[in-house]
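**Q** From first to last, the protein sequence lines stand for chains A and B. Sequential numbering of the first sequence, starting at 1, is according to this note's numbering. Sequential numbering of the second sequence, starting at 1, is according to this note's numbering.
These are calculated hints, taken from the structure and not from any lab test. Some hints here could point you the wrong way.
Covered stretches of chain B (chain A as the covering partner; in silico rule of three or more C-beta atoms under 8 Å from a C-beta of chain A) [stated by the list, open to error]:
1) 41-53
2) 178-187
3) 208-219
Under the rule of at most 30 Å between Cα atoms (straight-line distance), these lysine-lysine pairs were calculated in the DSSO-like manner [claimed, not checked]:
4) A:212 x A:192
5) A:16 x B:263
6) B:263 x B:301
7) A:119 x A:198
8) A:122 x A:168
9) B:264 x A:16
Quick reminder that beta carbons are idealized off the backbone N, C-alpha and C, glycines included.
Each chain, written out:
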Amino acid sequence: MSSSKTASARRLFLAKLGQSAAMAATGGLLWGFMVEQQVHAAHNVIRPPGAEDADGFYAKCIKCGQCVRDCPYDTLRLAPAGMRIPIGTPYFVPREIPCYMCPDIPCKAACPTGALNPKLTKIDDARMGLAVIDMEHCLSWQGLRCEVCYRECPIQGKAIIVKNYPRKLSKHGMFVPVVQAEYCTGCGVCEKACPTEKAAIRVVQPELVEGKIGEHYRLGWKDPGRLTEEFKPYAPPSQRQEGPSGLDYLNREDEL
Amino acid sequence: MSTLESGNGGVRLGPNGRPVRPFVMPKRFTGKLWVWRYTILRRITEIGVLLLFFGTVHWGWTLFGQRILVGNLSASTLLDTVPLADPFATLQILFTGHVLQPEVLLGAAIVLVFYALLGGRVWCAWVCPVALVTDLSSWLRRRFGISPGVSISRSVRYWALGVALVLSTLTGVAAFEWVSPISMFHRELLFGAGLGWMAVAGIFVFDLFVVRDGWCGHLCPLGAFYGVVGEVALLRIRFDAPTCTHCGECAKVCPEPHVLNLKKAAEAGMIRSGECTNCGRCVVVCPEDTLSFDLRFLIRKHNLQSSSAALADSSSTVQAANQGTSS
Ligand code: SF4
Ligand code: SF4
Ligand code: SF4
Ligand code: SF4
Ligand code: SF4
Chain A
1 MSSSKTASAR RLFLAKLGQS AAMAATGGLL WGFMVEQQVH AAHNVIRPPG
51 AEDADGFYAK CIKCGQCVRD CPYDTLRLAP AGMRIPIGTP YFVPREIPCY
101 MCPDIPCKAA CPTGALNPKL TKIDDARMGL AVIDMEHCLS WQGLRCEVCY
151 RECPIQGKAI IVKNYPRKLS KHGMFVPVVQ AEYCTGCGVC EKACPTEKAA
201 IRVVQPELVE GKIGEHYRLG WKDPGRLTEE FKPYAPPSQR QEGPSGLDYL
251 NREDEL
Chain B
1 MSTLESGNGG VRLGPNGRPV RPFVMPKRFT GKLWVWRYTI LRRITEIGVL
51 LLFFGTVHWG WTLFGQRILV GNLSASTLLD TVPLADPFAT LQILFTGHVL
101 QPEVLLGAAI VLVFYALLGG RVWCAWVCPV ALVTDLSSWL RRRFGISPGV
151 SISRSVRYWA LGVALVLSTL TGVAAFEWVS PISMFHRELL FGAGLGWMAV
201 AGIFVFDLFV VRDGWCGHLC PLGAFYGVVG EVALLRIRFD APTCTHCGEC
251 AKVCPEPHVL NLKKAAEAGM IRSGECTNCG RCVVVCPEDT LSFDLRFLIR
301 KHNLQSSSAA LADSSSTVQA ANQGTSS
């Protein structure tokens with residue numbers, strides 16, 4: 001009698017526990033969905049120096065805004081809800097106030113969590129974004145002499161260079177700005193300075209615009225050693241390199 | 001058996017044989033102020049903390065030449081030297097598997113020790129800005145006699161606490177921090193407003209019409225976290241059992257009335273549950289002065305002292321006779 005009573009009590013308890021767990025799982029799924037929505041709220045947010053997603057910026061940032069407070073130029077803001085910017089995280093709008101690349105990186109120094117990478121010691125190594133030029137609206141690309149971005153860029157002569165570009169039906173060439181991704185920090189000073197109505201140079205997240213050539217392309221004129229040393233079309237299969245390499249593939253005898 | 005009906009003029013007697021007296025709000029304003037003392041102090045600390053953050057950055061408040069409080073309630077720096085951090089937010093980040101800087105870990109430890117000393121959910125009653133909103137809806141509820149509404153289990157919050165930690169591991173970001181209406185609220189008060197007020201308004205309406213004390217008393221995982229801290233907290237509400245007449249005035253004002261289980265309280269000599277927010281509402285309405293703030297390790301001593309004092313001065317009173325019959 002009493003043992004069946006405890007058995008049914010136990011069954012009831014287990015049923016209740018199961019129900020609670022199922023409710024927690026349901027709530028958890030909805031909750032997880034909301035979190036994922038927030039984290040991926042926008043692709044093109046420009047964040048303070050050292051805030052790299054690959055290093056777990058979104059995980060580590062506790063949304064305290066101490067970086068915002070310690071930026072001497074009031075560059076940074078903390079995203080409020082409903083802005084389609086990952087909630088509570090610091091960001092900036094280069095066209096309004098760019099990052100002026102303080103050598104002592106006070107924003108990073110203020111960050112208590114390490115969300116702004118403490119290993120970033122030289123501001124020139126920051127990669128907040130990448131400047132890209134809209135050739136169709138850049139004044140220089142229309143043949144005018146502007147080059148404001150080139151002159152304003154803090155990594156002058158490296159992140160932006162000015163190149164001579166021939167012009168049809170004219171013996172005068174154009175001087176056009178070209179961004180070199182290797183050096184651009186994404187500070188946005190160029191975007192702020194560009195005199196066009198809407199900036200013809202913009203900072204974007206590099207992964208939105210940067211491509212990748214791929215290992216199997218061999219630019220022999222840039223890397224001459226690599227071609228002659230590694231190109232062995234007649235080597236027996238056992239001596240060939242691992243992985244598909246374009247030229248090997250095209251010259252493979254066994255598949256002809 | 002909690003109350004006895006005695007022959008002398010229909011006066012209800014408590015289990016200790018003393019007449020049950022209701023709480024009466026004093027007529028004089030100074031008396032009222034005395035009853036409201038903890039409520040007033042709580043409003044001062046709640047708004048004061050926000051004001052320190054706001055004043056430091058917007059009006060340049062300093063102390064000894066140091067900025068007073070920079071950041072927000074998630075993490076901050078006191079006087080440009082002492083780091084402070086929300087221990088629950090920090091715990092969630094640790095659950096994502098990322099390594100944090102010592103600064104934030106130290107800050108979280110400082111805050112954790114602070115609340116472990118002052119009573120866990122003392123955060124809820126004395127600091128959390130959302131309490132301003134939920135207290136308002138519970139006041140309106142009492143004022144207009146709005147029906148209790150839907151009933152849900154108070155343990156949902158512990159599930160939410162667990163889910164927050166599991167989700168932090170699964171999503172790789174601090175799961176509660178990314179949706180927390182509490183963080184949205186203070187962040188947007190200090191850093192410029194967005195749509196965070198909608199989440200807070202949601203809590204207000206939910207508490208007002210759907211579930212009584214719905215958010216803070218049933219759902220909030222941060223409150224649950226501090227509830228766990230409160231289980232070992234030093235500052236507690238002492239319960240001086242022999243003086244209690246079981247009038248029930250305390251439970252009427254308590255936002256977590258189940259913690260005022262008078263039988264358990266009599267055994268422990270205090271309100272032991274970590275869900276008690278140390279708000280002091282019960283302390284001021286108790287007509288018998290049974291409840292008071294005290295330190296956990298002094299409670300037993302104080303209770304012994306007061307009951308021997310009660311025995312000593314009761315020899316000539318009516319209560320003494322009643323005590324004799326009821327024991
Ligand atoms: S480097 Fe200087 S200007 Fe740029 S975000 Fe940091 S503090 Fe602001
Ligand atoms: S200081 Fe660090 S943790 Fe705080 S908001 Fe800025 S990046 Fe996030
Ligand atoms: S964002 Fe513009 S100004 Fe800044 S480094 Fe790059 S090219 Fe120069
Ligand atoms: S400042 Fe603007 S318009 Fe001028 S060269 Fe640079 S991108 Fe072109
Ligand atoms: S339960 Fe949550 S929202 Fe309510 S006061 Fe406590 S921490 Fe704040």
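**Q** All hints are to be evaluated individually against the structure, with a verdict given for each.
**A** Status of the hints after comparison with the structure:
1. 41-53: violated (count 0)
2. 178-187: holds (count 5)
3. 208-219: violated (count 0)
4. A:212 x A:192: holds, 28 Å
5. A:16 x B:263: holds, 27 Å
6. B:263 x B:301: Roughly 19 Å separates the two Cα atoms, so the pair holds.
7. A:119 x A:198: Roughly 35 Å between the alpha carbons, so the hint for residue 119 of chain A and residue 198 of chain A is violated.
8. A:122 x A:168: Violated: residue 122 of chain A and residue 168 of chain A sit about 43 Å apart, past 30 Å.
9. B:264 x A:16: Holds, at about 26 Å.
Figure legend: structure checked against the earlier numbered hints; hints not met, in rising order: 1, 3, 7 and 8.
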